[in-house]
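Please take these sequences and the hints and turn them into a complete structure.
Sequence lines, in order, name chains W and V. Heads up: the first sequence is residues 1 to 450, going by our numbering. Heads up: the second sequence is residues 1 to 450, going by our numbering.
Keep in mind that the hints were calculated from the coordinates and are not lab data. Some hints could be false.
One copy or two, it doesn't matter: identical chains are merged, so the pair holds either way.
The calculated lysine-lysine pairs, modelled on BS3-like cross-linking and capped at a C-alpha distance of 30 Å, are [unchecked claim]:
1. K448 x K98
2. K98 x K267
3. K267 x K448
Number of protein chains: 2
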Amino acid sequence: MKRTTPGAVGVRTKRRFLLAAILAAATVAVTAVPAWASGADDPVVPLLLGLAVVLVGAKMGGWLASRAGQPAVLGELVAGIAIGNLGLAGFVGLEGLKQDAFLQILSSLGVIVLLFEVGLESSVSQMLRVGPSALIVACLGVVTPFVLGWCAGAWLLPESSVYVHVFLGAVLTATSVGITARVLRDLNESSSDEAKIILGAAVIDDVLGLVILAAVSGIITAADQGRTLSWGSIGWITAKAVGFLALAIVLGRAVAPRLFRWAARVKVPGVLLVSGLSFCFLLSYLAAKVGLAPIVGAFAAGLLLEPAVFETFEESRDRSLESFLQPISLFLVPIFFVLTGIHVDLSTLADPRILGLASALTFAAWIGKQACMLGVLQRGVDRMSVGLGMVPRGEVGLIFANIGATLVIAGERVITPSTYAAVVFMVIVTTLVTPPALQWSLRRARAKRN
Amino acid sequence: MKRTTPGAVGVRTKRRFLLAAILAAATVAVTAVPAWASGADDPVVPLLLGLAVVLVGAKMGGWLASRAGQPAVLGELVAGIAIGNLGLAGFVGLEGLKQDAFLQILSSLGVIVLLFEVGLESSVSQMLRVGPSALIVACLGVVTPFVLGWCAGAWLLPESSVYVHVFLGAVLTATSVGITARVLRDLNESSSDEAKIILGAAVIDDVLGLVILAAVSGIITAADQGRTLSWGSIGWITAKAVGFLALAIVLGRAVAPRLFRWAARVKVPGVLLVSGLSFCFLLSYLAAKVGLAPIVGAFAAGLLLEPAVFETFEESRDRSLESFLQPISLFLVPIFFVLTGIHVDLSTLADPRILGLASALTFAAWIGKQACMLGVLQRGVDRMSVGLGMVPRGEVGLIFANIGATLVIAGERVITPSTYAAVVFMVIVTTLVTPPALQWSLRRARAKRN
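Written as structure tokens, this is what we have:
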């Protein structure tokens, strides 16, 4: 009975026309609202539209990417780049998303929840087992890009001071683990040995990066003021970061089970989820307070919470913490990746003057992290995946570059706008290339194993 | 083997002492961080601590309340009041939570998700069935408090102008449906006839409140400037609000199924959740744009989405949209209620000069909404629960009072600080009394029915 008669088509066309006309009239009515009555003072209102745009964009991008055989996260990044660069096509209606502090906060919570989830899939003892590999991988992944970045700077910016070259080396040491964590999780590889080595190395990298950043900034500031560097303060920064991780492991293993045994006595719906989230937020906060990235704390929180900790919760009989977290992560995590894309300014790539330095930095960043392959001690671990997983620089590289932009040596900015654009280029390329490369390499390794 | 020997106690005490000492040292180390290294420029960091405090407070409060046989939401409100008034006990470390814009945004998202969830449990046709009752309930719940508030003002503030008395009446008309929606959901009564009448009336109330606020503010501004009121603009405001609801119902029923049939083709994890949330955020945004509360749009979005809409989604075979939403609501909804409590300033209650007006307003607010009982046309509906469910004024009453504080008539502020304090008192009492009263009345009705 689904045969369409000409009359039915006429009726449907009329109904569609009517719908379109009503929609158009409604749009006019909505936009012609006096400011005081439009809830203009309620900051949640613009966020609601932004969230709808970002979430729909994320799913469309993820879908197109997965149809093309690519990881969903690549689609989310590209969707973000498309939304963020609509201005180049003359549409500026969504420019506000770039500066939206509330979207930014939800995106930060998203990446924290993601690393917490990934941490839950491993335990402290499993991480310690891959510890030696992770340590060597991290050191190789810091030293090689540092040297290569320094050389690239010395070669292409010969007129700049040696401090500029050193700083470019420092910028390349960072690892942004969000992209890798997401690809690993989407491919169900979060608890593989590759994942543990990459994530362990990324945590150590964050400590090393913090120390390098402190040392390099300190040297430059001291040199500019004709003072000598205060090694004590750098030692203190190192001690705090290492101390935080050591304490988190030692104390956390002793305290977390007691804390959660106590929380399990609170019998209200959602106590399992809320206890887990609060623990994660608290460790992220403490990590940030010692100068580490909040996601390092979130990952540590996930490592510390092992299934046995939750046994006393009534709710955990039917449902795991992971299954409670999943919808929150489905909601918040794509916001992080779309926003990462939105902040990419494609017009920086169009400047031919930066292309030389940009390509050299990108090459140094890529090759530099491939050295990590050599640090893997375990047998049966896919070394190429480890190297590829360490490549993305993401927002961490930009944070380094931003600090460089505030440093001045002999009246010259350490990171000039054109150097900054080259760093942005390097960040974009390393971030976008990683998901497909890592997926390819993990699948290849899996096929070889079976 | 769990017998504790004296030696074991000594070891445990020593270990506890060691733990405490390490914790203390860690606290000192964390607080002695240079500002640049403490992530002070990442706005997510203070939010992380705030979230942990608010979430833990919510669960503790909810637990204590449920142990005392009270609804969990009362415990969350009281926990918020406790956190927000620690300053009275000399502890000011958490004062920042009151001004935290990011917590506020998460709380706004929380109440939007709550009303969306509650809306999902009913449908448009079910709401239209109780339409006549809801309309009469809403009108009675607006007219009676308005008249009583006016009288209370005229009686206790005889020296003020008639406009002040009218405005006090207007402040009492608002209904804040968040508290009621939460109690109904916690008691599994969201799809009862009482719930439908209360929620339908609350939506109509929001339209009426918008019109009254526009009219009263318009009259006062015009009188102060010696002009006459522009009825046209008030007519336009009314037309837009009513038009939005009518369009949402008519268009939404036609458009939503198509939209979701199309979204179901996007086969990526989380597309069901993200489509539902985006639809909810979009309607909340549009509601705010026509001057209604965002939660009215969220509730309408929930009403429009009926199970049939989701049948084409692959994910819906295993899991409903409601089950995806539940963890998000467990995370965000308590933030709304704790923050509502945090914004209560207990010191306003200590001023004996306001107690007369405050008690009269509270009495008028309470009695005024009890008139709603008379508007229920259906048989078998518990009228007392309907009356009690309409009582809380929540943040809506405060928004009205804030607008009054900006209005001036003949050089006198319409809402003076002491009048404002009386309104705050009324809001606190109506908000805190509702959860236990409504729980009692719904349980009594349920017992009578069985």
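Between K267 and K448, at a C-alpha cutoff of 30 Å, which is it: within one copy, between copies, both, or neither? between (49 Å within a copy, 29 Å between copies)
One pair to classify: K98 and K267, alpha carbons no more than 30 Å apart. Within, between, both, or neither? between (42 Å within a copy, 28 Å between copies)
If the cutoff is 30 Å on CA atoms, where do K448 and K98 land: within, between, both or neither? Let me know, please. Classified as neither; 43 Å inside a copy, 57 Å across copies.
Checked against the numbered hints above, the structure violates only hint 1.
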